[in-house]
Every structure is written in structure tokens, then in C-alpha cells.
Amino acid sequence: MPGSLHILTLVKWVPDAQLERTIGEDRRVERTEGVLGELDEYPIEAALQIREALEKSAPETTVRVTALIMGPDGASTALKKALQIGADEGFHLDDEQLAAADIYATSAALAGAITHIHKNHDADSQLLVLTGMASEDGESGAVPAQLAQRLGGLAALTQATSLTVESDRVVVDRVSGNTRQKVAAGLPAVVSVTDQANEPRYPNFKAIMKARKKPVTTLSLADLGLTAIAVQSKISLIAAEPRPEREAGQIIHDDGTAGTQLADYLEKEGLL
Amino acid sequence: MTSVLIVFDRVDEQLTGAQAELLAHGTALGSEVVIVTGQLPANGAEPLAVSGITGVLTGETPIHAPDPALAELVQTAAGELQADLILGPDTPDTVDALARAAAALDTGLITGATGVTGSGAATKTVLAGTWRTTAQLSEGSPLIATLKSNTTSADLPAVAQAPEVVELPVSASGLVEILETTEVPSTGRPALTEASTVVAAGRGVDGDLSLVEELADELGAALGASREVTDAGWMDHSAQIGQTGVTVSPQLYISVGISGAVQQKAGMQTSERIVAINKDEDAPVFEITDFGVVGDLNHVLPQLISEIRKRR
Ligand SMILES: Cc1cc2nc3c(=O)[nH]c(=O)nc-3n(C[C@H](O)[C@H](O)[C@H](O)COP(=O)(O)OP(=O)(O)OC[C@H]3O[C@@H](n4cnc5c(N)ncnc54)[C@H](O)[C@@H]3O)c2cc1C
Ligand SMILES: Nc1ncnc2c1ncn2[C@@H]1O[C@H](COP(=O)(O)O)[C@@H](O)[C@H]1O
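Order-wise, the sequence lines are chains A and B.
Position 198, counted from 1, in the first sequence is what this note's numbering calls 198; the numbers after and before it change by one each time, with no gaps.
Numbers given in this note's numbering equal positions in the second sequence, counted from 1, plus 1000.
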């Protein structure tokens, strides 16, 4: 695989799943305690592993790994984390008009940003776009395929449990219904990477220091040549309420009869 | 008159529970219900022979996911029929096809819905099952949505003649090459997402599945697992319940030797009833159980199984 490969990873700033997450009066997910989505570490790790493999098998190839985030100012912390894990360069699409973006608006804006970055930074390199399997707040898993459609109808190989780059194509293992598939598509392509694919590395102190010097470019919709109309959401949230919290019920300690007591409970509740 | 398109990436000789549920959902909503599918089985539209289905649309060649031609098929069908609503099961392949179709049709997409109305609104639970939301199509048409299974109790409509099949001028694209396919081994137990009872095993079973299997068989339950169990290779990954596995919502969920991390809870906390057995009384799973047993599963399960046998 001669020439150069640009692996662009998409990462999202999401509310910390370990804390209580809420939807505010404005019907938007509150993200004061935002972090890099845990599931977006897997595509970064996948990109770094592809680079490491190509350095051995095709040393004449240069591989560049970048991270793109779309989100408000606070999202820069998540982008920084992506650089610490190992991306070389960051791009932050930050525009007020993208607040409350749905799948449609998100994929439109991200497609615009990817096209812009590719054209202005490395038009000659092959492009591989990697995403997480799902964002922790949107949880749709729909952005990758929609994005591929918008990038001129590229192939989207979603839910990859493993991936490799071989000459000018990407080969992916995935599950489709009740079959496992090995599928391939030529570059450029979009691949969403699951948590089965690898074990993301933990940034050490050296990596954290190094990340401080990595370049970050902030982009607005105007920079991408996009108008607000082009990224207008199609879906709006009209109501949101917390599900009644599950209350802890009866707890018993096994005194030698717990199996029987459990059977009593199931029988009483009509569950046997 | 509501025109509904239901999208299945493939139809086999036996409909899946999720597919049957969608037919029930769709026929309840629409006066015209058309199925779009990339692939029909050897007996053609026979499995779709239920009342209320107007017809079936396929391509000129079989189209296998993840070929983007599936989305093109949906887009073409939507244009022909002026669909008001496009529905599919909430599986990755269908989400992909509908996501692409939504971009091509310039309209909105809602995934993982628990219900939809004829007027473009859908309900869904978000943030790992902790919030209920209603979303509405504010721009564009049709509404495109994927529906989670186990969300309607509607019965499958009555059997009818097999609907007519019409081929649309769309064929496989060649954009993706399928190099290999292998069946995921069948467990012989009910499908996880469709079972009314789920027994789930965690690291506490320590590699020995005999007791949880016996309990599942006794209850006619599906068998699931935490990620520790599937990562260790004690069960296939398809059994993993949680954020990055399947989401289940059965009448009864029995958690055995699972601590109850947030990622595990995300896949089961909308279950009707939750029962847990764990030897650690501080295990977070007990925060959400209806009935919790603090004890050793190797003592509790044999007694439970024999008690269940006695009572039936
Ligand atoms: C990105 C990401 C995604 C993830 N997705 C998922 C997911 O989808 N699903 C999932 O399950 N996890 C997921 N996890 C992992 C999750 O965080 C937990 O690590 C996992 O759920 C723990 O599995 P466990 O409860 O089986 O094991 P442990 O946490 O080790 O718990 C074992 C439990 O068994 C009990 N036990 C031990 N012996 C006995 C005995 N003899 N009798 C009774 N009880 C006993 C112990 O008290 C303990 O509570 C994910 C993690 C990450 C980072
Ligand atoms: N705002 C965003 N910025 C960057 N990447 C995103 C954004 N939203 C979604 N993605 C990418 O798309 C994947 C799937 O997201 P979703 O479709 O929302 O579940 C995520 O794991 C990210 O890789």
C-alpha cells in the first residue's frame, strides 16, 4: 500500500455515564461533566494499530491519524483526550447552530467537516473514517451509515469486531443478523468499531505531555461552506421525563432456605 | 390513509419474533402496508402471508447487508408509494439502511423507538433506559424509525394469501464484497430479545454454566451473560446483555453472579421483574432488584431448581 493513508477518527463529548445523567428543561442532555465517549476510544486504538501494522508491512506508507469532534466549547476536553491516546492532530467543529443536532444534522455537519479537512490538508491520501459503535447519549449508531451516504455514497462497514487495512481496502469482521461476516470495501470507506475490536491503550505521562503540542484546528459551519439550513435538524424532542427509579425490593440473606424463598416469590408473583 | 413501508434486510422461511411484531405494529397503523426486503426465501413471500399486507418489493437481484443498495431499494420504494412512515426492526443492518435512506430522502430518523404514531411521533427510552422521551418529525417526510422488539403485545394479524412480489429496478452494488459468512451457532433456547424470561450469568459462575443452563431450561428461558462471561469465552458474544450487547426487557430477569455495573444495567433495567443472586450484599445489582438473594449461587440454584420442579 504505497502513498499515504489518513485515518480520521470521530469522537464525541458525552455526559459521564458513571454519573447520573439528566435531560434539562431545554430538553437537551446536560453535559457539564462531559467526557470522551468510552466507545469512541476503540476507533482511536484501531487507527493506531493499523498504523503500527502498516509501519511493519508497508514502511513506505505514511499514516496520519486525526480526530474530529463536533460539539460546544467544552468538547475540547474530549478532543484533548483523543490526542493523548495517540491521534496526531485534532479538529473541533464548534458552532452554535449545531446545538440540539439530530442524526440528520450531525451527519450533514460531520460530512462537511470531513470533506473540508480532506481537501485542505491531504487531498492526495487515501481516507479511512473510523467511528465508535454508538454515542453514549445519542445511542443511535446511525451516524456512521448516514455519514457514508453523504460522503458520496461510500461503503459503511458498521459494528466491526476486527478490522485490517490491506492494500487499498479495509477488511472487517462483523455480525449480520445470525451470521458472522468477513466483508471488504475499497477506500475511502467508513467503519464503525465495536468494543470487541481491541483494548484501548491508556495514555501515560509521556503521551499526555506530547499531546499538549499537537495541533488543534477549530472550524465553524462557515469555514465548511455550510449554511444553517443544510444542517437543520429534522427531529425534535417534544417531551422527556425520568423513568420512575427502580426501588430496591426485598433482600434476603441465605440461611439455607433462600432457594425455597425465591421459588415462593416467583410462584406468588405468577412467574413460574 | 397512512401508507407504511416495513423494511426487513432479509426474510427467511420463518419470520423472526421481531419481524412478526413489526407486521402487527405496521398493519395496526397503516391502511396500506408494503414490505421491502433485500432477500426472500425459497418459498417467496409465503412467510409474509398475513392480512393487511398489500405487497412485497424486492430488488432485481438479492441484496445482502451491508450493501448500500438496500438503502437505495428503500428510497426507490418510498418514492413509488409516497410512504408516510417507514419502519424497520432495530438491528444494525436495518439501522444502516434506514439511516442512508433518511439522508437520501431528506427526512428524519428515530432509532430504537418503543412506539410510533401515524402522525410522525415516536417514544423511546434513552440514557441507558433511565429517561423516556417523545420525539417528533418537524421537517420532511416520511418519518423513518426502527422499533425495539418486545414493545407491543399486538397479535399477529390473521393469515392471508401470500402477497404479490414486485421487483424494483435496483440491484446489488458491488461496493462491498462479502468474503465469508458463517452461522452464529444456535443455542436451541429462545432468542434473548424475545424471551419472556431471561437467566443471565456473570463471572460468579466461574466458567461452570451447568446450573444456569438447568434453571433456564426449567423456566423455558433464554440464557444471557455479562461481558466478563462472553469475554472469557464461556458463552458466545451474542449472549452479552448490556450497553454493548443486547437490550432485553423480559417479564422476568434472573441475574446470577453479576455485580451490576452501569453497562450491564443499561441492557436489562427495563425488565418487568428483576431477581438477583449474588454473594456480595453490596453488589450494585441489588439497587434495582425486586427480590434479591445474598448467597452463594452454588447453594441457592440447586434448591431453587428442585423447588420449581416440585411446584409444576
Ligand atoms: C465500554 C464498555 C462496555 C461494556 N459493556 C458491557 C455490557 O454490554 N454488558 C456487561 O455486562 N458489561 C459490560 N461492560 C463491563 C462492565 O463494566 C463490568 O465489568 C461487567 O458487567 C462485570 O461482569 P460481572 O458482573 O459478571 O463480573 P464482576 O463484576 O466480576 O462480578 C461478579 C459478581 O459475582 C459475584 N459472585 C462471585 N462468586 C459468586 C457465587 N459463588 N455466588 C454468587 N455470587 C457470586 C460477586 O460478588 C460479583 O458481584 C462494559 C465495560 C466497558 C468499559
Ligand atoms: N457530535 C459528534 N462528533 C463527532 N463524532 C460523532 C458525533 N456524533 C456521533 N459521532 C460518531 O458517530 C458514532 C455513532 O454515534 P451515534 O450514531 O450517535 O450513536 C460515535 O461513536 C462517533 O464516533
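I should point out that these hints are in silico values taken from the structure, not numbers from a laboratory.
One should not assume that every hint holds.
[Said to hold, decoys possible] Below, computed lysine-lysine pairings styled on DSS-like, alpha-carbon distance capped at 27 angstroms:
# : chain 1 : residue 1 : chain 2 : residue 2
1 : B       : K1310     : A       : K119
2 : A       : K56       : A       : K214
3 : A       : K80       : A       : K206
4 : A       : K214      : A       : K80
5 : A       : K268      : B       : K1310
6 : A       : K268      : A       : K80
[Said to hold, decoys possible] Examples of chain B residues toward chain A, derived with CB under 10 angstroms:
#  : residue
7  : E1072
8  : L1081
9  : G1188
10 : R1189
11 : E1228
12 : W1234
13 : Q1251
14 : K1310
Positions of the beta carbon are idealized from the N, C-alpha and C atoms, including for glycine.
A quick look at each hint next to the structure:
{"no.": "1", "hint": "B:K1310 / A:K119", "verdict": "72 angstroms, violated"}
{"no.": "2", "hint": "A:K56 / A:K214", "verdict": "24 angstroms, holds"}
{"no.": "3", "hint": "A:K80 / A:K206", "verdict": "14 angstroms, holds"}
{"no.": "4", "hint": "A:K214 / A:K80", "verdict": "9 angstroms, holds"}
{"no.": "5", "hint": "A:K268 / B:K1310", "verdict": "15 angstroms, holds"}
{"no.": "6", "hint": "A:K268 / A:K80", "verdict": "55 angstroms, violated"}
{"no.": "7", "hint": "E1072", "verdict": "9 angstroms, holds"}
{"no.": "8", "hint": "L1081", "verdict": "20 angstroms, violated"}
{"no.": "9", "hint": "G1188", "verdict": "13 angstroms, violated"}
{"no.": "10", "hint": "R1189", "verdict": "14 angstroms, violated"}
{"no.": "11", "hint": "E1228", "verdict": "13 angstroms, violated"}
{"no.": "12", "hint": "W1234", "verdict": "15 angstroms, violated"}
{"no.": "13", "hint": "Q1251", "verdict": "7 angstroms, holds"}
{"no.": "14", "hint": "K1310", "verdict": "8 angstroms, holds"}
Violation of the numbered hints given earlier is confined to hints 1, 6, 8, 9, 10, 11, 12; the remaining hints are satisfied by the structure.
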